[in-house]
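Engineer: Take a look at the letters that make up each chain.
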Amino acid sequence: QKEVEQNSGPLSVPEGAIASLNCTYSDRGSQSFFWYRQYSGKSPELIMSIYSNGDKEDGRFTAQLNKASQYVSLLIRDSQPSDSATYLCAVLRGGGADGLTFGKGTHLIIQP
Amino acid sequence: GAVVSQHPSWVICKSGTSVKIECRSLDFQATTMFWYRQFPKQSLMLMATSNEGSKATYEQGVEKDKFLINHASLTLSTLTVTSAHPEDSSFYICSANGRPSGSSETQYFGPGTRLLVL
Numbered sequence: 052q053k054e055v056e057q058n059s060g061p062l063s064v065p066e067g068a069i070a071s072l073n074c075t076y077s078d079r080g081s082q083s084f085f086w087y088r089q090y091s092g093k094s095p096e097l098i099m100s101i102y103s104n105g106d107k108e109d110g111r112f113t114a115q116l117n118k119a120s121q122y123v124s125l126l127i128r129d130s131q132p133s134d135s136a137t138y139l140c141a142v143l144r145g146g147g148a149d150g151l152t153f154g155k156g157t158h159l160i161i162q163p
Numbered sequence: 202g203a204v205v206s207q208h209p210s211w212v213i214c215k216s217g218t219s220v221k222i223e224c225r226s227l228d229f230q231a232t233t234m235f236w237y238r239q240f241p242k243q244s245l246m247l248m249a250t251s252n253e254g255s256k257a258t259y260e261q262g263v264e265k266d267k268f269l270i271n272h273a274s275l276t277l278s279t280l281t282v283t284s285a286h287p288e289d290s291s292f293y294i295c296s297a298n299g300r301p302s303g304s305s306e307t308q309y310f311g312p313g314t315r316l317l318v319l
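Protein chains in written order, with this note's numbering: chain S, 52 to 163; chain B, 202 to 319.
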């Protein structure tokens, strides 16, 4: 059974600091990895996608992937109060015919 | 980015009635759409994969006769919750695969439909 694990939090980070979110997955055949942000009562919004080992940076966000350790992380630099949300890690095994397997999400709180 | 819409955004119905939810890809064609369900404080759980022109594929534990899926065109998939009961009350979210500007294929989510069955 495919599983994606995340610490549910809440993770509290001071404004301006770096928020670090972690995720592990069980299916070694997983090919694609995503981080979604979900505000309360809203649907998920794609933040980052990563497909190969290493780091991928986009603005204040950096995704890191280590397939050998089955580990994905998201760093948010210069955290802002508007970054407060639940961050969902999602994994895709194959191509476009597969649905995503989500973790339960980490609730991030940025303290002003 | 790619836009996916859902209608209605909110629905309240009586137990035993059927509810239809529409999911549309507005600016791209989607041969595959997905339906997820999210209960309070839980993550999204994939219910079924909707394929244009063929039968949907349901995840284990999801009743195909209760959750009817029709993918009539490359831009529209519908989910009908038949004989809804209070335990079906949830947040239903669809997604569609898109490839904006030639980038890698990504799932884009609709805004969701909140269903409350009384």
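Hints may contain errors.
With a Cα cut of at most 20 Å, we get these calculated PhoX-like pairs of lysine-lysine [unchecked claim]:
#, chain 1, residue 1, chain 2, residue 2
1, B, Lys-242, S, Lys-93
2, B, Lys-256, B, Lys-242
3, S, Lys-118, S, Lys-53
4, S, Lys-155, B, Lys-242
5, S, Lys-53, S, Lys-155
6, B, Lys-221, B, Lys-256
To be clear, the hints were calculated from the coordinates, so they are not data collected in a lab.
Engineer: Take the hints in turn and mark each one as holding or not.
Structural biologist: Hint check:
Under the criterion of a C-alpha separation no larger than 20 Å, the hint pairing Lys-242 of chain B with Lys-93 of chain S is consistent with the structure, at around 13 Å. With a C-alpha separation of about 31 Å, the suggested pairing of Lys-256 of chain B with Lys-242 of chain B is violated against the 20 Å cut-off. Taking the CA atoms of Lys-118 of chain S and Lys-53 of chain S, the gap is about 15 Å. The hint holds against a cut of 20 Å. This hinted pair checks out: Lys-155 of chain S and Lys-242 of chain B have alpha carbons roughly 8 Å apart, not beyond 20 Å.
Among the hinted pairs, Lys-53 of chain S with Lys-155 of chain S is consistent with the structure: their alpha-carbon atoms are about 13 Å apart, no more than 20 Å. Note on Lys-221 of chain B and Lys-256 of chain B: the hinted pairing holds, with a Cα-Cα distance of about 17 Å set against a maximum of 20 Å.
Going through the hint list in order, the structure does not satisfy hint 2, though it satisfies all others.
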